[in-house]
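Colleague: In case you want the letters, here they are:
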Amino acid sequence: MGLQEKYIQGILFIFATIAVLTVLAITFFIFAEGLPIMFEKGIASFIGSSRWAPLSGSFGILGMVIGTVQVTIGAIALGVPVGLACAVYLAEVADRRLEKVLRPGIELLTGIPSVVYGFFGLSVVVPFFREHFPGNGFNVLAGSIILAIMILPTVINISENSIRSVPDVYRSGSLALGASQWQTIVRVILPAARSGIVTSVILGMGRAVGETMAVIMVTGNVTKVAGSIFAPVRTLTGNIAIEMGYAAGEHREALFATGVVLFILIMFLNLVTARFSRKAGNIK
Amino acid sequence: MNNKNLTQRAAFLVLRAAAIITIAILSIIIIYIMSNGLKHINLSFFVQGPVNMGREGGIAPFIVSTLYVTAVALAMATPLGIGRAIGETAAVILTAGSSLGVRLP
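These protein sequence lines are chains A and B, in that order. First residue of the first sequence: 1, per our numbering; consecutive thereafter. First residue of the second sequence: 1001, per our numbering; consecutive thereafter.
Check before you lean on any hint, since a few could be wrong.
What the simulated footprint calls covered on chain A by chain B, stretch by stretch (three residues with Cβ under 8 Å from a Cβ of chain B suffice, anywhere in the stretch; the number is not a length) [what the hints assert, rightly or not]:
id : segment
1  : 2-13
2  : 87-97
3  : 109-121
4  : 174-183
In short, the hints are calculated from the structure, not lab data. Note that CB positions come from ideal geometry on N, CA and C, so glycine has one too.
Whenever a hint applies, use it, and build me the whole structure from the sequences.
Modeller: Right, here's the structure in full:
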């Protein structure tokens, strides 16, 4: 190998490592900033208390942890049935005309920036709840609805891919045994595509947990634990985004600690996804 | 037999409804944004800065700053991305080549 080639190899190696190093550096920074205060205040009281009063030194993020879980579960409950039905429709049933509108439509949904979803929620969904339901309109359900719309493309695309990757012999076998098309879908195709569908749901959860802007705009951002779906709520991401602008000292560290909790949550979801998509590759 | 077909029809109706709901949501968002926003868009909206705390005027500075941020992000990410892609391609070619007995110059 020539000297020149060695140089090029070295440069390419640096390029390859910079990307990894950046991620590692960010991770290290978040943990280094956030962990000390978590240990100082006690992890149990940090995650287990819902009293968030940064000025008097109380940092309990239970309200935000539960808020994130509530909003995410709501988004999954609303978004996955519609998304999965769309995926089945596109992969197995669709008539050409509707498919022609639906596909570009889903791509458009992916392309809309999250702040536009939030803006739409703020000016349509929130006023609707304010008029017809208790509370001021900023609540868990509004956040769930907006997130459900935002995770639709993820759920539809990945589920549809996994449904399409079910071998055709499964279909023809089932139909040859006298099953109807619908029975084939429910009893044969969906079970065979299960791991891909679960992957799509978990990826949707990841998107819902990580979404910040749209959620801040519609959920009301109160740090208490929400008692009902019509109560305002703050998510982990929202906590960081709202307060980072003016936080200093312990308060700032507590926001980084919030980031640590969020990071662990997302890493956990990613690990589960990786497990399921590995299984998805095993369908024969 | 009849029952089976009936179930299938109902089920397909539900699937079609889901597809229509998705399109309806998208249409509502687009129509809402367009119907509220389009009437404020004219040439001065693109070439003026905000006036009176953003109550009047346009968004020219924000268009420029968006372009700046995007350009700098591209300038930083493109060499890294392409560098990696070249490295990976080279690795693939080298391994493929050696297994075929091909010697690269």
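Colleague: How about the segment 2-13 of chain A: do at least three of its residues have a C-beta closer than 8 Å to a C-beta of chain B?
Modeller: holds (count 3)
Colleague: With a Cβ-Cβ cutoff of 8 Å, does the segment 174-183 of chain A contain at least three residues near chain B?
Modeller: With 4 residues close enough to chain B, the hint holds.
Colleague: With a cut-off of 8 Å between beta carbons, are at least three residues of the segment 87-97 of chain A near chain B?
Modeller: holds (count 5)
Colleague: Report holds or violated for chain B covering the segment 109-121 of chain A, Cβ cut-off 8 Å, minimum 3 residues.
Modeller: holds (count 6)
Checked against the numbered hints given earlier, the structure satisfies every one of them.
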